[in-house]
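Chemist: Chains A and B, in that order, are what the protein sequence lines are.
Numbered according to the working numbering, the first sequence spans residues 521 to 677.
Numbered according to the working numbering, the second sequence spans residues 142 to 405.
Worth flagging that the hints you see were computed from the coordinates, not collected in a lab.
Any given hint could turn out to be false.
Restricting the straight-line Cα-Cα distance to at most 30 Å, the calculated cross-link-like pairs of lysine-lysine (DSS-like) are [said to hold, decoys possible]:
| no. | chain 1 | residue 1 | chain 2 | residue 2 |
| --- | --- | --- | --- | --- |
| 1 | A | Lys527 | B | Lys280 |
| 2 | A | Lys664 | B | Lys323 |
| 3 | B | Lys180 | A | Lys550 |
| 4 | B | Lys167 | A | Lys527 |
Over 10 Å on every C-beta distance to chain B, these chain A residues come out as not near it, computed from the model [what the hints assert, rightly or not]:
| no. | residue |
| --- | --- |
| 5 | Val531 |
| 6 | Ser534 |
| 7 | Gly539 |
| 8 | Glu549 |
| 9 | Ala552 |
| 10 | Gly559 |
| 11 | Glu591 |
| 12 | Ala602 |
| 13 | Pro606 |
| 14 | Arg612 |
| 15 | Phe621 |
| 16 | Asp639 |
| 17 | Gly641 |
| 18 | Leu667 |
| 19 | Ala672 |
Pair ranges (Cβ atoms, derived) [as the list claims (entries may be wrong)]:
| no. | chain 1 | residue 1 | chain 2 | residue 2 | range |
| --- | --- | --- | --- | --- | --- |
| 20 | B | Glu354 | A | Pro638 | 45 to 55 Å |
| 21 | A | Ala552 | B | Glu292 | 37 to 47 Å |
| 22 | B | Ser187 | A | Ala599 | 42 to 52 Å |
| 23 | A | Asp603 | B | Asp165 | 44 to 54 Å |
| 24 | A | Ala535 | B | Asp165 | 24 to 34 Å |
| 25 | B | Phe291 | A | Ala602 | 49 to 59 Å |
| 26 | B | Gly237 | A | Asn600 | 29 to 39 Å |
| 27 | B | His206 | A | Ala552 | 52 to 62 Å |
Note that beta-carbon positions come from the ideal geometry of N, C-alpha and C, so glycine has one too.
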Amino acid sequence: MPAVTMKVNGVSRSAEVEGRTLLVDFLREKLALTGTHVGCDTSQCGACVVHVNGQSVKSCTCLAVDADGAEVTTIEGLANGADLHPMQEAFREHHGLQCGFCTPGMVMSAIDLVNNNPDPGEADVRQWLDGNFCRCTGYHNIVKSVLAGASAMGGGS
Amino acid sequence: MDDFQYHAPSSVDGVLSALRGADDGKVLAGGMSLLPVMKLAMAAPSDLVSLRNVPGLSDIEDHGHCLKIGACCTHAQVAASSVVRERIPALAAMAGRIGDPQVRNRGTIGGSVAHNDPAADYPAACVGLGATIITDRRKISSDDFFGAMFETPLEEDELVTAVCFPIPDRAAYAKFENPASKYAVAGVMVAEDSDGVRVAVTGAGAGVFRVAEMEAALADDFSADAVAGIGVSSDGLLSDNVAGAEYRAHLVTVMAKRAVEACG
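Please work from the sequences and hints to get the whole structure.
Modeler: Below, the structure is given as structure tokens:
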């Protein structure tokens with residue numbers, strides 16, 4: 521089996537995987553980082569969004585072997601100890617979640633938005649979240665959270 | 142999905158030899174089409190040959206009369222490129238509305254054209270703008286490249302390396318998108334240059350097609366009114382739970398009007 525090494529949340533991690541192992545399965549099953557969720561498994565819902573080399577990607581549609589050598593950030597890599605990342609804090613403050621299943625992907629996607637567009641408007645946020653589904657339909661507070669998080673981030677992560 | 146032998150060579154020659162050594166090899170670029178197809182067991186290649194270590198496939202070059210876009214350029218890269226936005230804004234705008242941000246961060250122009258999904262946006266952009274597909278061994282005009290659903294003239298061991306887009310005088314793309322996946326239920330690229338007008342439709346049929354009657358009408362009178370009365374036959378158009386063939390035929394005219402209006 522191919523061996524992969526990648527830096528996950530700042531720590532170098534190596535494992536042998538099958539070629540067909542998806543990045544999300546590598547994270548969840550090999551590294552026990554279960555904050556990244558599998559929702560649809562068909563690249564639509566965005567529950568599995570992580571950052572690979574600083575860009576948001578759907579980890580259910582990325583091979584672990586194709587991320588060999590990459591820097592990966594998951595939801596577990598955002599907080600600094602007990603201090604939440606400003607985007608996480610904004611979701612908490614503005615109740616940007618109901619059941620919470622989509623939240624890790626929402627937060628990872630939102631941070632990538634702010635990295636690309638430091639001062640997004642509501643329309644920018646709604647368009648950016650095209651690839652993140654909330655089946656509780658809690659979009660109103662999610663958008664409020666992302667706008668507040670963008671403001672708190674002060675134009676970048 | 143079934144397992145496969147994975148290769149990540151560091152040159153185009155390495156890619157070609159890996160493909161030649163495989164029973165049923167497939168090229169893996171961003172994987173936004175191929176991996177979902179493999180998950181659904183609609184494809185089960187024996188070998189995947191990743192392009193991630195091959196240098197020089199992600200450049201965007203302005204050649205004066207055309208833009209040459211490397212096969213591994215992502216949709217996000219094309220959408221954000223200052224040269225594409227300045228020279229062919231319709232192409233940058235089209236790339237910026239493919240799928241969602243995460244799909245645009247991974248999906249590539251080369252992968253999209255090689256896959257030739259009937260609902261993909263790039264086939265309409267290529268045919269509408271009169272692009273040329275460049276492979277490791279030849280150049281193929283878009284009119285000859287895009288066959289029926291998922292069909293192209295690519296050989297089993299042939300690699301798309303770039304796509305060249307002539308600079309139009311004006312162009313615009315309009316699509317009616319699936320609300321969940323953002324693929325084109327019907328998408329129309331309209332472009333005008335010194336050779337005339339081209340109207341290319343994706344999403345509606347089993348593959349991208351041109352509408353000669355609209356092209357002739359627009360050459361005579363470049364206005365939305367000129368295409369408003371021109372319909373396409375619903376015979377042979379796609380029909381599914383999202384849109385029936387007659388509705389898709391209707392959308393083609395509506396999207397053509399919107400594209401012409403957006404040309405300004």
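Chemist: Look at each hint and say if it fits the structure.
Modeler: Each hint, compared with the structure:
no. : hint                            : in the structure
1   : A:Lys527 / B:Lys280             : 40 Å, violated
2   : A:Lys664 / B:Lys323             : 24 Å, holds
3   : B:Lys180 / A:Lys550             : 20 Å, holds
4   : B:Lys167 / A:Lys527             : 28 Å, holds
5   : Val531                          : 22 Å, holds
6   : Ser534                          : 16 Å, holds
7   : Gly539                          : 4 Å, violated
8   : Glu549                          : 16 Å, holds
9   : Ala552                          : 23 Å, holds
10  : Gly559                          : 12 Å, holds
11  : Glu591                          : 14 Å, holds
12  : Ala602                          : 29 Å, holds
13  : Pro606                          : 20 Å, holds
14  : Arg612                          : 24 Å, holds
15  : Phe621                          : 17 Å, holds
16  : Asp639                          : 17 Å, holds
17  : Gly641                          : 16 Å, holds
18  : Leu667                          : 17 Å, holds
19  : Ala672                          : 21 Å, holds
20  : B:Glu354 / A:Pro638: 45 to 55 Å : 47 Å, holds
21  : A:Ala552 / B:Glu292: 37 to 47 Å : 44 Å, holds
22  : B:Ser187 / A:Ala599: 42 to 52 Å : 43 Å, holds
23  : A:Asp603 / B:Asp165: 44 to 54 Å : 51 Å, holds
24  : A:Ala535 / B:Asp165: 24 to 34 Å : 27 Å, holds
25  : B:Phe291 / A:Ala602: 49 to 59 Å : 52 Å, holds
26  : B:Gly237 / A:Asn600: 29 to 39 Å : 34 Å, holds
27  : B:His206 / A:Ala552: 52 to 62 Å : 55 Å, holds
In summary, the structure is inconsistent with hints 1 and 7 from the numbered list given earlier, while agreeing with the others.
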